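Enquirer: So you can see what is in the structure, the chains are spelled out below.
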Amino acid sequence: MSSAPLLQIGDLSVSYPSRAGTTRALDGVSLDLSPGEFLGIVGESGSGKTQLLLAMLGLNAQGAQLAGSISYRGQELVGAGQRVMAQVRGRRIGMIFQDPMTALNPYLTIGTQVTEGVRQHYGLGRKAAHRRAVELLEAVQIPEPERRLGQHPHELSGGMRQRIVIAMALICEPEILLADEPTTALDVTVQAQILALLRELRTRTRAAIVLVTHDLGVIAEVADRVLVMYAGRVVEQAGVEQLFASARHPYTLGLRRSIAELDGPLPERLPSIGGNPPNPAALPPGCAFAPRCAHAFERCLSMPPPLLSVAPGHARACYFEGAL
Amino acid sequence: MSEAVLTVQGLTVRFALAGARHRVLQAVTDVSFSLPRGETLGIVGESGSGKSTIARALLRLVPASAGVARFKGINLLALEHEPLRRMREHLQIIFQDPLASLDPRMRVSQIIEEPLLEFRPRLDAQARRTVVLSTMERVGLLQSHLNRYPHEFSGGQAQRIGIARALVLEPELLVCDEPISALDVSIKSQIANLLKDLQRQLHLSVLFIAHDLAAVRFSCERVLVLYLGRVMEIAPRDALFSAPQHPYTRALLQSVPIPDPRRARARREAPLGGEIPSPLTPPSGCVFRTRCPIAEARCAEQVPALRVVGSSQVACHRAGEQELGR
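Protein sequences appear in the order of chains A and B. Following this note's numbering, the residues of the first sequence are numbered contiguously, the last one being 325. Following this note's numbering, the residues of the second sequence are numbered contiguously, the last one being 329.
Okay, chain A solo, but in the shape it has when bound (with noise of 0.2 Å):
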């Protein structure tokens, strides 16, 4: 990647303090996203992907206390007012959440959801705006753009609501696209529809896009790099041709070979990782994949491993030197 990097995260850490000791949510992240580029995280729940995407956006729950930097072209979005914060949220960066019924809101016509973004961000008057509203309705291929501007979000499936929320998102032309699993509430042929759309978009409109996800075969149809994230830290990054036919930790080797494919030989059982997930709020001193990885020895119970690199534009936090 050749360009100056758009958006600069360095050492994050978010936690939540409470009378029960601290959760740390996010833990040292560290990432940088290129202009025009499609980044995915991929992370189960409790990974701190989600508390990732809302750090960029200053919208971490009250009481979270954030370290590090999130330098978004040079200004520090880290303990920003308010005021910057606003500028930065949907002029800049723009957000799709996960269930587009709870994005929306019910009482108010699609229309009237639209076109308050643009008249705010641009002050556009009524008519330019409802221009504008048809032009980002039929970016995200909505059929009868004038037509669905009147109806309400219950009128809507939910494949449409959510090309709807993709049009909000896209009101004010943002650099930064964040999507936190854009599809999982979608079926799985509307799924492929919007996956396709977010693949379009980013060709047009070259924002970066970044996508969380618990589904590796969506990072595999659309991402160019991928951050695997577990308990509150990075464990692996890598292009995503290279996280897939080279994995180097064990949990990313773990959730590929644990997925059942559609065609090849049936296995008779599904490769698993053994135990559960961890509890963000009683992390293990060391590595937090240690208690479920079968390779796991002294020095991985001590010291979380430090990410470091192993091959071009490939690390991974792990001790373990032998072959996965």
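Don't take every hint at face value.
[What the hints assert, rightly or not] Below, a sample of chain A positions facing chain B; criterion: calculated Cβ distance under 8 Å:
no., residue
1, A129
2, R133
3, D188
[As the list claims (entries may be wrong)] The following residues of chain B were derived to be distant from chain A, with all beta-carbon distances above 12 Å:
no., residue
4, G70
5, A128
6, I261
7, A308
8, R321
In short, the hints are calculated from the structure, not lab data. Quantities reported herein were computed from a predicted structural model and do not represent experimental measurements. Every residue gets a Cβ at the ideal spot worked out from N, C-alpha and C, and that includes glycine.
Keeping the supplied structure of chain A fixed, place chain B upon it in accordance with the hints.
Expert: Structure of chain B alone, referenced to chain A:
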């Protein structure tokens, strides 16, 4: 094929809509299939296809409007209250959301023991405890879990509790309604393996309802594909996945993300357009025709009957035509 443990014919479920005069939602239309003893039949379809409604109608959790479901020679859909209650001993269900389906105020021991209190009144406390413990061991729970409450468990562990409760009476027929779809990725395969092991050890007959096609391929011997309440295709597993006969089955299989970036991006087919129509206004003729890439005039006029093509039963006027070869 061995003898069928469950035979369903013409199952239809309609819901009258409140407030609307004569407005009827037809969730399931004329569904027929049989489940051979000791087999797992997958029922797949998108949301709104009626797959959960079939399960609920068979268990009499929603009333069927028409049809027969013969289980052990008896029509489940016509059973009166008391014989139905007794029949439940042999028919159990596992739900999608394990935590929501367990009573948060009950301890694990009480949850798993409850069916025994209802159906095995002669067992004393000691005997019940023995059965509970052996069932827990079967599903991978520890004795130390006995006195805990559901909220103390992760999703995968909670699903094991739900499975133990369903199996404690040693039912003949187990209905699994999306048993692994709410679980974390690393846990899904644990539970899929567990269900397969249990099915074999206990010779269970299983209806496995899921939208995850790869999970269905792993778990099921035969697969029924449902769309807008109607059967599109029923086929043995290998036939369905290697030579799907219905255009909807093909579209579904093509929509599943391929966990290999090179193959995923080499795929040429455009995704299937549109979405499942409202069951309030189903299309005439074949319900899939509004999204079907090969629909023609007759598809709007006649509902295609299920017929045999290759090793599948398919409801498509054009199935089997030469040019449809993939």
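Enquirer: Are the hints correct? Go through all of them and say.
Expert: Against the structure, the hints:
1. With 8 Å as the threshold, the beta carbon of A/A129 stays out of range of chain B, its nearest partner Cβ sitting at about 31 Å, so the hint is violated.
2. Residue-level restraint check for A/R133 is violated (minimum Cβ-Cβ distance to chain B is 26 Å; threshold 8 Å).
3. Taking 8 Å as the C-beta contact cut-off toward chain B, the hint placing A/D188 at the interface holds, the least distance being around 4 Å.
4. Non-interface status of B/G70 relative to chain A is upheld: no Cβ of that chain comes within 12 Å, the nearest being about 26 Å off.
5. The non-interface label for B/A128 is consistent with chain A: the shortest C-beta to C-beta separation is roughly 31 Å, beyond 12 Å.
6. Consistency note on B/I261: stated as away from chain A, yet its beta-carbon is not over 12 Å from all of that chain's, at 6 Å minimum.
7. No beta-carbon of chain A is positioned within 12 Å of the beta-carbon of B/A308; the least distance is around 25 Å.
8. Listed as a non-interface residue, B/R321 keeps its Cβ farther than 12 Å from every Cβ of chain A; the least gap is roughly 19 Å.
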